[in-house]
Amino acid sequence: MQKILLGSWLLSLLFCLPVLAQDIAVSGRVTSSDDGSTLPGVSVQVKGTTRGAITDADGNYRISVPANARLVFSFIGYTGQEVAVGNKTTINVTLVAGSQSLDEIVVTAQGIERDKRSLGYATQEIGGNILAQRSEPNLLNALQGKVAGVNITGSSGTPGASTNINIRGITSFNGSNQPLIVVDGIIFSNDVNLTQNTLFGTQPSNRLADINPESIESVNVLKGPAAAVLYGSRASAGAIVITTKSGRNQNNKTEVTVNSSYNVQNVYGIPKFQNDYGQGANNLFTPTSNNSWGPPFVGGPTSVTNTQNQVVPYQAYPNNVRDFYRQGSILQNSVNIASGDATRNYIIAIGNTLQNGIVQNTKFNRTNVQLGGESKLKNGLKVSGTGTYVQTVSRAVPGGNGASAFGQITRIPRSYDLANEPYQGADGKSIYFTPSTNNPQWSVNNERLDSQVDRFFGNFQLSYDVASWLNVAYRVTGDTYTDRRKLILPISSGRAPAGQVQQDNFFRNELNGDLLITARKDNLFMEGLNANLLLGNNINQRKTQESAADATSLTLPGFYNINSGTVFTGTFESSTLRRLVGYYGQLSLNYNNYLFLELSGRADQSSTLPKANNTYFYPGASVSFVPTDAFKINSDVLSYAKVRASIAKVGRDADPYQLSTVYNKSSYGNNVANIVYPLAPNNTPGFSIDTRIGNNNLKPEFVTSYEFGVNLGFFKNRLSIDATYFDSKSTQQIFNVAVSNSSGFDTRTTNVGELQNRGVELILSATPIRVGGFKWDATLNYTLIRNKVVSIAPGVKSSTISGNSFIGIAPSIYEGSPYGVIVSTANARAQSIDPNGLYYDATGQFAGQYVVNGTSGQFAPGIANSVISNPQPNYIAGLTNTFSYKGVALSVLVDTRQGGQIFSFNAVDARQNGSMYVTGVDRDQPRILPGVIQNADGSFRPNNIQLPAQTYWSAVGGLASEAAVYDATVYRLREVALNYTLPKTLLNKTPFGAISVGVSGRNLFFYAPNFPADPEVNTQGAGNIQGLDLNGPPNTRNFGGNIRLTF
Amino acid sequence: MKFILPKSYLLVPFFLGMGACSSYLDVNVSPNNPTSVTPAVLLAGAEGGSAFVNANELNRFSSVLVQQLAGAANSPATYDIYQTNSADFGNQWNGELYNGPLINYQKLIELGDATNSKVYSGIAKIMKAYTFSIATDVWGDVPYSQALQGEAFTTPRVDKQEDIYKGNATLGIQSLFDLVREGIKDLDATSTLKPAGDDIIYGGNLTKWKQAGNTLLLKFAMTISRKEPALAASVINEVLTGANYITSNANDMNFNFGSSVGSQDPRYTYMFVSSFQNDMMLSTRYLNLLTSLNDPRLPIFFTKPGPNYVTIDNGFRGTLPTPTANWSRYNKYVTGNSGEGPVRMVTNFQRAFILAEAALRLGTPGDPQALYTEGITASMTLAGLTPAQITAYLDANPAVAKLTGTTEQKIAQIITQKYIAFTGNGLELWNDYRRTGYPTLQLSQNAAGINGTLPVRAVYISNEVQRNPNFPNPSPQSNIPVWWDVD
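Heads up: the protein sequence lines correspond to chains Y and R, in order.
First residue of the first sequence? That's 0 in numbering that gives the first Met the number 0, and the numbers climb one at a time after it.
First residue of the second sequence? That's 0 in numbering that gives the first Met the number 0, and the numbers climb one at a time after it.
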């Protein structure tokens, strides 16, 4: 009987049951002190509970409250207010405008809503309204410049390109440094699944790309371990807590919102080329050359014979690279239906984003369907749930060094008419001026990686007030997706000359069960001391599977099916399963609403660590003090002050299967030539020991973090400052330490090293002008992080970061340097320190200058194993100015990244090939490399050996030299959005509740003083390897219009 | 409807979670990789590595340096003007040597001993010695005695090449000679498991392995013969006395690849399949040499798709000949019909040429002329010429067939024929060239490199210098000879 009851209860739980009767219904209207206008979207919270409402479009709210409750009204840009309900049923409130309310309610770890003033650590909330309608379909990109302490780098402007995000620096040598993503309480995978090597393949999306920015209510960034400790191990890199729109704030109304936007994308940020010299070398035309060191157009031949034996004009094609890209477009449409009242609500959200990329044939088509709701049963049980289905279909073309469209587009001679020369023969194979590689046009029209992601994520929560002071809740969340991919490399493709078809299928599933028990006691021990206690348990399981059927040596051109292949040795499967059980608790004490103390702790038990070491505990503590309230300071100058401090430690487990040394199927070689066992003709199987030495004594790694901060509000909070200093130390890192390859291995997994991050975050908000209906708001986000690898392992000064990299250009950890520096060959320099060392200059006069060979006039052999590039910026800052007048709002975001270096294959290619602009300047003049020549007696003289331009530019340095390193400083007009909301009076006779139209643009302008292109690229995508511009697609400039209709 | 959920139900998951932990968390055994394997799969996997390292990038490098091939683009063109540095050969050092066949021979030795299958250990020791000789001949001093020990030595000592070849009891270094001798001895031990098809080289034929091992001793002895003539002579005398070495082409130590993609000889893949296929072709200089000697092996070793052989000179930087389809490339003798190879690692003709040179240089037993003729004949037979054709050639070309002049001149003749016979095995050619200076090579056009000199060693890879402080930094450049290279 009980089972039947339970079943019918489950069926009826969402919308069916009537209201709980004991509460008082309170309603009212909230207005602004400025002009008396009504305020929509104001948060109305029953103090000390999670119960709340939001005012509707007309500023009205309705909420049911227990007797003797107090209501807290808060709204961004206004000072909060607290009102005792007593036995009133109507409460109208006028909020006083300030630049920013400093008492907002924010969502913290495990979905706990907290008064911001009580937090002893930094969090930053971004409203959905400043992420949507910004010409940007990727949520992470839309956050750029808007959050302090966060470093976000897109990889390119192509559809679905992945984006890297790090909060407060890099805290793990080897583990993921991407923050934990939580969507409506659901731990949400932001993985990047790779089908191809990142040096030679497509750069797939990070799976946060499955979220539609239009569906977001707010994003809260939990920056430090203290904020995220309740999420446990996985939040040691911070957490991004996303709340999607719900029906929670509808007051017995059903609202339908329709959003549409259309944007165009154009390639932006490719280097400037010279257009004076054409194909060839040494001033001679060579039809097979990918250099532009040939004769000048003025005074050179007027026509030449190409490799197809056609006579073609010899002239510059100034836009032959730019015209390779087409105009892309992004069409976004969404419909939201939200409805509800105080006891139940629901939302249905449907959205679609269709992007056609700037690279031919690339696209990204995402459809989201969300259904969610909550209901409070008569018996006090609260049930809520949401489920979202996403389908993301995308097509990308392979990139990377060598034989890819983007590996070749930088090597096109200035006189090659890429757009009009034939690129494909009757046999379907590539036609190009050089037989040794593919025509970029052929590549983008024939090679591709198709992907279809089907994803479902959802949560279901039961919550019950056992007593007025005790709530018990259980939440189950799930996130699962399949990504079915097909890689097609036709016959004659540079990457697979005999052709390759790969069906690569990914599956990922994560389940979480969380028990949350919250107890509350006011006036504990003494008057004014309120306590909250949370106890929780988390059971987590993560499962992944990748299986690939791989066929090479295709028999039928144009038939791209596994059945077309004759060799299947690339076929493989790989699965992982990991589990974790966590117990956590948090005690929050609040003394008279001006002094707060919070103690938290979590113990995790992980499947990925050896049994003896698999349980680990970590604590956190924070305090917050509001002196303006404590000392009743009521000044118009200093309106609000808060000081805060926290300390926390977070432990992290290993990846699965790190404990043993394993064997792999044998294979040798790389993209040039390779063999894979079993080996024909007899299908002889072969196995080889893995290059990593396992470790059965592995322990968890830890991040310990301190932070101090102040929040100050001046002039009724029209000017506010939120400043934080943080210092984190990562120890006992689980890392694959590089070992000498002659040991027979490449790495060994062990606990080593120390990594330090120190930094300052600053958020400055101001409303400099508020006159009549005109308002100017400005927000500055500033991030300064100093990261340092303090130590690695005894005897190990440097080690390469896991991932794909070219030998000799190794993204590394290097003792004393920031994380991720690139270790390669540095130019030899004169020095005055070591008399026995190379190039000792006793006078010191030439110390630091490059050493040049006295015969050749070229640089002396370089010094291997030198740090030559540091990808980490000095600081990042973003300034948003918003101007609003009546229904018009203009927001302008400029940001800058100061310092940090980029290692650019593209720039080196174009320079060595003589196509970059600088190589055409005074080409007929001899040049002298900067540096000094060592005389026979050991002294030095300035280099005076003249080199022709071609020799000079190739002597400056190629790949694996410091000449490939550029300063990545950039200033950018990141985002402009102009929105107009029609006055309500115009809509009275229409079915519309609100109409707003807007135009927006992204990446409209950038200025990079020291790099010949846009330095904000990162070909290896999201992950620990940053700062490499490795023959990937460029960035885009987007602009378009949007309309939002509410019924 | 009234339904009250008993409060205690909500606590059930909590206790379930706690109670079930021990087995719930016991899921960390990889379903993807084995943690133990059989000797058979280790042997098969490692043998392919030894063949691969011989025939891949190091062959392109050395074949271009000794001017059998000429570089048209990319790295072969760079090598052709003698440019090489620490960014080169990282994949060879790692994946094709130390992290490839070498560590797996080491594991096979351990596994063979542990499973009472010493035969596997024996083959592994012989192959380990062969493969280590590639490492030391290319780079000079390399990690050897402390290498391949995993965690025991994460930064192994760099052993002197002299100690690798000769052994050093004080430092605990076993000589390559002793390693081979030990391997041959292991082949006679009783063995639970025995190789068959998993031994891609000899199909489990232990007699052939013993012959290969002894012939390998001859190769090592000859390599150090100019530095250590007495030791070389004594090793050669030892092998001659034992009289169990390769004396027939059928017993050559060859590795056969397959004809399908992913199983092909890298020399075939590179020249005929990969996107780099137009990086190299036959050198004009080698064409001229073979033409001047009327050598009948020319069309067998290299293709002539058009009316003439299409070649470029070494270091050539002008317009490349078109169409590329007509370029002269390795023929089926080297690559097989579709990439089967074989890679000829230790051969009968090599043995004959070594003994001919040793008889002249070291006074070891044997008639230099007879051994010389035997070498040419073995090579030509291997190339598919009939005995009649061979005799006709030798009769018609006495300048080739007869050793004449001074000992040095005779040695030049021997090495030149060995150079032709070993077409496709650039490492052996480069070793002989560095050791003897034959055949005489003119500098390539546009010679750059270190002061325009032909490289006589590879520069230590930067990764290794970065990771192992035992390596000298800065490392010796490509113009510094290795220990056995006396001039």
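Among the hints, a few may not be true.
[Claimed, not checked] Capping the alpha-carbon separation at 30 Å, the derived lysine-lysine pairs in DSS-like fashion look like this:
1) Lys159(R) with Lys428(Y)
2) Lys193(R) with Lys428(Y)
3) Lys610(Y) with Lys664(Y)
4) Lys485(Y) with Lys46(Y)
5) Lys787(Y) with Lys698(Y)
6) Lys885(Y) with Lys244(Y)
7) Lys728(Y) with Lys485(Y)
8) Lys252(Y) with Lys787(Y)
9) Lys159(R) with Lys193(R)
10) Lys664(Y) with Lys159(R)
11) Lys303(R) with Lys664(Y)
12) Lys796(Y) with Lys115(Y)
13) Lys226(R) with Lys193(R)
14) Lys715(Y) with Lys774(Y)
15) Lys115(Y) with Lys774(Y)
16) Lys165(R) with Lys664(Y)
17) Lys774(Y) with Lys728(Y)
18) Lys303(R) with Lys796(Y)
If you're looking for bench data, these hints aren't it; they were derived computationally from the structure.
Bear in mind the structure is a predicted one, so any value in this text is a computation, not a measurement.
Status of each hint after checking the structure:
A hinted pair counts as satisfied when its Cα atoms are at most 30 Å apart, and Lys159(R) with Lys428(Y) does not qualify at roughly 51 Å. The straight-line distance between the Cα atoms of Lys193(R) and Lys428(Y) is roughly 48 Å, outside the 30 Å bound, and the hint therefore fails. Using a Cα cut-off of 30 Å, the hinted pair Lys610(Y) and Lys664(Y) holds, with the two alpha carbons roughly 29 Å apart. Distance hint between Lys485(Y) and Lys46(Y) is unfulfilled; the C-alpha atoms sit about 54 Å from each other, more than 30 Å.
As the CA atoms of Lys787(Y) and Lys698(Y) are separated by approximately 22 Å, the hinted pair is consistent with the 30 Å bound. For a cut-off of 30 Å, the pair hint linking Lys885(Y) to Lys244(Y) stands: about 25 Å separates their Cα positions. With a CA separation close to 42 Å, the supplied pair Lys728(Y) and Lys485(Y) exceeds the 30 Å bound. At most 30 Å may separate the alpha-carbon atoms for a hinted pair to count; Lys252(Y) and Lys787(Y) exceed this at roughly 54 Å.
Proposed proximity of Lys159(R) and Lys193(R) is contradicted: the alpha carbons are some 35 Å apart, above 30 Å. Restraint check: the Cα-Cα separation between Lys664(Y) and Lys159(R) comes to about 33 Å, which exceeds 30 Å; the hinted pair is violated. Restraint check for Lys303(R) and Lys664(Y): the C-alpha separation of about 39 Å exceeds 30 Å, so the hint is violated. Between Lys796(Y) and Lys115(Y), the direct Cα distance comes to roughly 43 Å. Violation of the 30 Å bound is thereby established for this hinted pair.
Distance check on the hinted pair: Lys226(R) and Lys193(R) sit about 39 Å apart at the alpha-carbon level, beyond 30 Å; violated. With a C-alpha separation of about 15 Å, the suggested pairing of Lys715(Y) with Lys774(Y) holds against the 30 Å cut-off. Among the hinted pairs, Lys115(Y) with Lys774(Y) is consistent with the structure: their alpha-carbon atoms are about 25 Å apart, no more than 30 Å. As the CA atoms of Lys165(R) and Lys664(Y) are separated by approximately 35 Å, the hinted pair breaks the 30 Å bound.
Our distance criterion of 30 Å between C-alpha atoms is broken by Lys774(Y) and Lys728(Y), whose separation comes to about 43 Å. Between Lys303(R) and Lys796(Y) the alpha-carbon distance is near 53 Å, which puts this suggested pair outside the 30 Å criterion.
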